[in-house]
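A.B. asks: Protein chains in written order, with the working numbering: chain A, 1 to 218; chain B, 1 to 234; chain C, 1 to 273.
All clues stand as given, with none of them false.
Ranges between beta-carbon positions, derived for each pair: (1) A:Asp54 x B:Ser46: 24 to 34 Å; (2) C:Val217 x B:Glu24: 37 to 47 Å; (3) B:Ala68 x A:Lys176: 50 to 60 Å.
Non-contacting residues of chain C with respect to chain B, defined by C-beta distances greater than 10 Å in every case (computed): (4) Asn98; (5) Arg99; (6) Tyr104; (7) Pro112; (8) Ala154; (9) Lys164; (10) Ile248; (11) Glu251; (12) Tyr259; (13) Lys273.
Computed, partial: chain C to chain B, Cβ under 7 Å: (14) Ile15; (15) Asp75; (16) Glu177; (17) Lys178.
The set of hints was computed from the structure by calculation and includes no laboratory data. Note that this is a predicted model, so its numbers are computed, not measured. Glycine included, C-beta positions come from ideal geometry on N, C-alpha and C.
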Amino acid sequence: MPLGLTVTDIIKTFEGNRVLDVLSHRFEAGETHVLMGSNGCGKSTFLRICALLDHADSGRLVFTSGESELPADLGLRRRITLVLPRVGLFNASVFYNIAYGLKIRGIAKSERIEKVEKVLEFIGLSHKRSQNALTLSSGEAQRAGIGRALVIEPDLLFLDEPTNSVDLKNVGIIEKIILTMKEARQPTIIMATHDRSQAGRLTDCRLQMNDGKIVGCD
Amino acid sequence: MDSILEGFEKALALIWALDREMLEILLMSIRVSGGALVIASILGISVGAVTALRRFPLRDTLVGVLHACMGLPSVLVGLLLYLILSRSGPLGFLALLYTPSAMTLAQVILAFPIIASLSHAAIISVDPIIRQTARTLGATSFQAARAVVHEARFGIMSAALAGFGRAISEVGAVLIVGGNIAGFTRVMTTTIALETDKGNFELALAIGIILLTVAICLNLCLYRIQRRTVVGRR
Amino acid sequence: MIRARLIMAVAACFIFACVTGAGAATDILCSSTTSTENSGLFGYILPVFEQKTGIKVKVVARGTGAAIEMGKRGDADVTFVHAKEQELKAVKEGWFVNRHDVMYNDFVIIGPEDDLLKIKGIKSAAAAFKKISAGSMNFVSRGDKSGTHVKELALWKTAGINPKGQSWYLEVGQGMEKTQRIANEKRAYTLTDRGTWLATKDKDRLQMVIVLEGDKVLFNQYGVMAVSPQRHKHVKYAESMQFINWLISKEGQAAIGSYRDKLGNQLFIPNAK
Numbered sequence: 001m002p003l004g005l006t007v008t009d010i011i012k013t014f015e016g017n018r019v020l021d022v023l024s025h026r027f028e029a030g031e032t033h034v035l036m037g038s039n040g041c042g043k044s045t046f047l048r049i050c051a052l053l054d055h056a057d058s059g060r061l062v063f064t065s066g067e068s069e070l071p072a073d074l075g076l077r078r079r080i081t082l083v084l085p086r087v088g089l090f091n092a093s094v095f096y097n098i099a100y101g102l103k104i105r106g107i108a109k110s111e112r113i114e115k116v117e118k119v120l121e122f123i124g125l126s127h128k129r130s131q132n133a134l135t136l137s138s139g140e141a142q143r144a145g146i147g148r149a150l151v152i153e154p155d156l157l158f159l160d161e162p163t164n165s166v167d168l169k170n171v172g173i174i175e176k177i178i179l180t181m182k183e184a185r186q187p188t189i190i191m192a193t194h195d196r197s198q199a200g201r202l203t204d205c206r207l208q209m210n211d212g213k214i215v216g217c218d
Numbered sequence: 001m002d003s004i005l006e007g008f009e010k011a012l013a014l015i016w017a018l019d020r021e022m023l024e025i026l027l028m029s030i031r032v033s034g035g036a037l038v039i040a041s042i043l044g045i046s047v048g049a050v051t052a053l054r055r056f057p058l059r060d061t062l063v064g065v066l067h068a069c070m071g072l073p074s075v076l077v078g079l080l081l082y083l084i085l086s087r088s089g090p091l092g093f094l095a096l097l098y099t100p101s102a103m104t105l106a107q108v109i110l111a112f113p114i115i116a117s118l119s120h121a122a123i124i125s126v127d128p129i130i131r132q133t134a135r136t137l138g139a140t141s142f143q144a145a146r147a148v149v150h151e152a153r154f155g156i157m158s159a160a161l162a163g164f165g166r167a168i169s170e171v172g173a174v175l176i177v178g179g180n181i182a183g184f185t186r187v188m189t190t191t192i193a194l195e196t197d198k199g200n201f202e203l204a205l206a207i208g209i210i211l212l213t214v215a216i217c218l219n220l221c222l223y224r225i226q227r228r229t230v231v232g233r234r
Numbered sequence: 001m002i003r004a005r006l007i008m009a010v011a012a013c014f015i016f017a018c019v020t021g022a023g024a025a026t027d028i029l030c031s032s033t034t035s036t037e038n039s040g041l042f043g044y045i046l047p048v049f050e051q052k053t054g055i056k057v058k059v060v061a062r063g064t065g066a067a068i069e070m071g072k073r074g075d076a077d078v079t080f081v082h083a084k085e086q087e088l089k090a091v092k093e094g095w096f097v098n099r100h101d102v103m104y105n106d107f108v109i110i111g112p113e114d115d116l117l118k119i120k121g122i123k124s125a126a127a128a129f130k131k132i133s134a135g136s137m138n139f140v141s142r143g144d145k146s147g148t149h150v151k152e153l154a155l156w157k158t159a160g161i162n163p164k165g166q167s168w169y170l171e172v173g174q175g176m177e178k179t180q181r182i183a184n185e186k187r188a189y190t191l192t193d194r195g196t197w198l199a200t201k202d203k204d205r206l207q208m209v210i211v212l213e214g215d216k217v218l219f220n221q222y223g224v225m226a227v228s229p230q231r232h233k234h235v236k237y238a239e240s241m242q243f244i245n246w247l248i249s250k251e252g253q254a255a256i257g258s259y260r261d262k263l264g265n266q267l268f269i270p271n272a273k
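Please build the complete structure, drawing on both the sequences and the hints.
C.D. replies: Here is the structure:
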């Protein structure tokens with residue numbers, strides 16, 4: 001079931017600068033939310049905090065599944081995931097990378113193979129399963145990063161600049177992947193991008209981040 | 001010059017004939033240094049990983065000490081170990097002196113700081129994004145640490161090979177604590193030392209050629225591993 | 001995963017290999033000198049002893065001083081060296097028991113082929129040493145407290161000379177073969193045992209000759225003694241005594257007397273009483 005997220009009064013300061021300034025917003029479950037803003041405005045910081053990778057200085061995060069509030073434990077952490085802009089693929093085969101999330105969850109080998117193959121097909125990298133992930137092109141690497149995130153079937157997916165420095169052909173492929181998930185309303189997607197037209201292709205409501213706050217759609 | 005060539009010829013003949021004494025010595029070397037490699041690797045990689053992944057008081061001091069110990073003079077280790085393992089010494093009751101185990105121990109002491117320091121360096125130089133990525137995929141602290149160590153595996157292998165190289169080319173310490181007993185604690189390096197002293201250049205050269213081959217193969221492996229560490233780095 | 005299992009299995013084998021292998025319960029450790037070991041005598045007589053008794057004698061060869069020290073520390077069960085004075089002293093001090101003469105060979109003075117100091121023809125070793133101390137040629141000393149070294153120092157004493165620190169006196173701290181080779185390089189004189197000389201003069205292509213031999217003081221007596229079980233309870237006294245008794249028995253003495261080096265020379269003359 002896709003998760004909803006409510007953030008309240010988030011404050012984050014870096015070297016004296018308030019990057020996130022009493023930020024509050026409600027992200028509805030099942031929707032695809034696109035966050036825009038100039039470089040360095042705090043989008044990445046915000047996503048990292050929401051994905052529980054970093055801590056805010058103050059404020060609250062509440063994750064909801066349906067009506068109920070979820071405690072912030074390992075169970076919750078394993079239902080959300082973030083794909084970083086640099087992706088951070090492991091020095092190993094594409095298959096190994098994608099299977100990683102399943103391995104640490106203790107999924108049996110046969111089931112792992114099945115799920116990984118399915119995702120490889122979904123992202124169009126089946127033919128590269130044995131290739132070292134660090135030799136992929138930037139577009140393929142991004143797709144692999146997304147695949148790594150999808151195989152664990154998250155209920156909340158964060159994407160930070162998923163098509164940054166990706167060639168045109170792959171931009172199209174990745175946007176198609178996102179739209180497919182949007183249509184299925186699973187998972188909830190919260191993504192950051194600085195590409196206005198891309199944002200327009202993916203959503204009607206482009207959330208703007210200004211002065212450390214989220215203002216409404218444009 | 002003549003004697004050198006003659007020596008070489010006779011040495012190759014010995015190798016070709018699989019001379020029994022020579023094989024015994026070779027096997028003992030493998031056993032002593034192989035054991036040292038295993039033990040020093042288990043200890044060294046563990047310590048290297050812990051110092052690279054966790055913060056604790058005196059951590060930097062420990063890393064510095066390990067680094068400094070890489071330069072331990074082997075004869076000094078031999079001397080100290082001898083005094084400790086001697087019957088008149090504190091650990092004499094173990095009856096380890098003049099056994100292959102004592103030689104393995106000496107080599108472990110010499111190889112361990114190398115493996116620990118180099119593993120530490122390899123793990124610490126892993127891009128922090130790896131740990132973060134593992135966490136975003138739901139890894140626990142321990143699992144994330146394992147992912148980092150896995151990422152550093154080639155560097156760690158290099159560390160182990162470097163440690164092994166140190167162990168197998170060791171002479172001073174193993175001579176002192178092993179006693180170079182015929183048929184019992186003679187390894188390649190101590191035999192070369194002994195036979196050279198005796199003027200038996202054929203056997204010394206034969207063993208020397210084998211030792212050189214081992215060293216070269218080792219370094220070739222190291223080289224190939226280094227290359228794999230760098231592949232695909234963008 | 002198979003590879004990981006394989007590696008672990010191999011690793012386990014290695015660990016097992018290095019924790020075992022301390023040797024059988026009846027093995028004894030004999031500390032001796034490098035010259036005795038290098039002569040090949042042990043390689044010849046020890047298998048005979050092992051055949052007869054099943055006892056394996058492991059030899060650690062050091063300089064005489066270190067060999068005796070090993071016995072004192074209890075790191076050996078029996079000591080076989082050639083420094084009678086020191087041996088008797090150690091027995092007197094209670095470190096060893098049951099010392100016996102086993103065999104002898106003799107020392108000779110060797111020097112460069114041209115023998116510029118004209119040592120050849122001199123009968124007395126002490127007189128030869130006196131001539132060498134005049135200083136125009138070098139003398140190489142083992143300087144390592146070995147039996148040879150001890151004998152050499154005794155000769156200097158008899159000649160009334162203190163060679164230490166003199167420019168012609170080179171202390172090298174090495175075994176006998178190496179010392180000979182160094183003397184060869186430096187065209188110097190040195191004191192050596194006949195056994196080592198015979199075994200190595202051609203092999204090492206030494207351009208040297210014997211310049212003095214036969215003086216009774218150059219007699220090199222080998223003795224064997226067991227480490228006192230009073231001082232070190234753990235020593236294998238029974239087996240050590242078996243070894244000593246065999247060495248001085250008719251059989252052991254015959255074995256020693258029948259040993260020939262690669263060139264057919266008899267290196268040791270058995271003389272147990």
